[in-house]
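Using the sequences and the hints given, assemble the complete structure.
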Amino acid sequence: MTPTSVRDIRNLSLLGQSGSGKTTLLERLLLAAGAIGAPGSVEKGDTVSDYDPQEKAFGHSLNASLAHLEWASHWVNVLDTPGLPDFLGRALATLPAVETAVVVINAAAGVETVTRKVMDAAADKCRMIVINRIDAPGVDFAALLDRLKAAFGKECLPINLPTAGGERVIDCFFAPDYDATPAFSSVREAHDQIVDQVVEVDEDLMALYLEQGEFLQP
1 MTPTSVRDIR NLSLLGQSGS GKTTLLERLL LAAGAIGAPG SVEKGDTVSD YDPQEKAFGH
61 SLNASLAHLE WASHWVNVLD TPGLPDFLGR ALATLPAVET AVVVINAAAG VETVTRKVMD
121 AAADKCRMIV INRIDAPGVD FAALLDRLKA AFGKECLPIN LPTAGGERVI DCFFAPDYDA
181 TPAFSSVREA HDQIVDQVVE VDEDLMALYL EQGEFLQP
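Counting in the UniProt record's numbering, the sequence shown runs from 1 upward without gaps.
Treat the hints with caution; some may be incorrect.
[Unchecked claim] Listed below are the simulated PhoX-like cross-link pairs for lysine-lysine, each with C-alpha atoms no more than 25 Å apart in a straight line:
(1) Lys-44 <-> Lys-56
(2) Lys-154 <-> Lys-125
(3) Lys-125 <-> Lys-149
(4) Lys-149 <-> Lys-117
(5) Lys-117 <-> Lys-154
[Unchecked claim] Cβ-Cβ distance ranges computed for the label pairs, FRET-style:
(6) Gly-89 <-> Asp-171: 33 to 39 Å
(7) Ala-38 <-> Ala-143: 20 to 26 Å
(8) Asn-63 <-> Gly-153: 30 to 36 Å
(9) Arg-168 <-> Leu-84: 28 to 34 Å
These are calculated hints, taken from the structure and not from any lab test.
These numbers were taken from a predicted model, which means no experiment stands behind them.
For every residue, glycine included, the Cβ atom is placed at its ideal position computed from N, Cα and C.
Given below as structure tokens:
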């Protein structure tokens, strides 16, 4: 598709510490949208965004690079950014061009230096935290969520919860599966916390919630 209106365009930047998996996440997004036929690998040097010879040689992003995909009748521009502290300026330079900052966190590493810096720099943007590498052994998801709330506020609530072993995630908001068993907490608890927080700051949604209760649709 070719976007005919700016209303059909979304712009987001993938930000986070080196090794959090931003480039690999972009490969999976492009694959899911049908933009590529097979995902590339950082190790093999065949990813879409790390096309520079030096990036291929060193195995990590050195510059911000742009890719796009089509999803739900929208044209989505995605900027993959470097995560090494030495190149933080190149990552932060993408923020004026986007509406949403997607902060990617390595589940095993948790909140790191660059994580804090990009969250602070993107404070005036819509921010989404993606917990990546959830299949890493020994991850304490409950403790990780507590650290996120301590670092960035109680607004950090999971929209998806991982299953044991991190094989998949369970939707807790749009189409919650209350019978599923997550690695921690429960789908019901996660869903209720999200709804409670949203209606606290939106009077119109509060009125709908009082009218529809748990049947309120996103």
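Hints and how they fare:
1. Straight-line distance between C-alpha atoms of Lys-44 and Lys-56 comes to about 8 Å, which keeps the hinted pair within the 25 Å bound.
2. In summary, the hint linking Lys-154 to Lys-125 is supported, as the alpha carbons are separated by about 17 Å, within the 25 Å threshold.
3. The hinted pair formed by Lys-125 and Lys-149 meets the criterion: a straight-line CA distance of about 18 Å does not exceed 25 Å.
4. Proposed proximity of Lys-149 and Lys-117 is supported: the alpha carbons are some 16 Å apart, at most 25 Å.
5. For the hint linking Lys-117 to Lys-154, the alpha-carbon distance of about 18 Å falls within 25 Å, and the restraint holds.
6. The beta-carbon spacing between Gly-89 and Asp-171, approximately 36 Å, falls within the hinted interval of 33 to 39 Å.
7. Take Ala-38 and Ala-143: their Cβ atoms lie about 36 Å apart, and the range 20 to 26 Å is violated.
8. Against the hinted window of 30 to 36 Å, the Cβ-Cβ separation of Asn-63 and Gly-153 comes to about 31 Å, which satisfies the hint.
9. Against the hinted window of 28 to 34 Å, the Cβ-Cβ separation of Arg-168 and Leu-84 comes to about 30 Å, which satisfies the hint.
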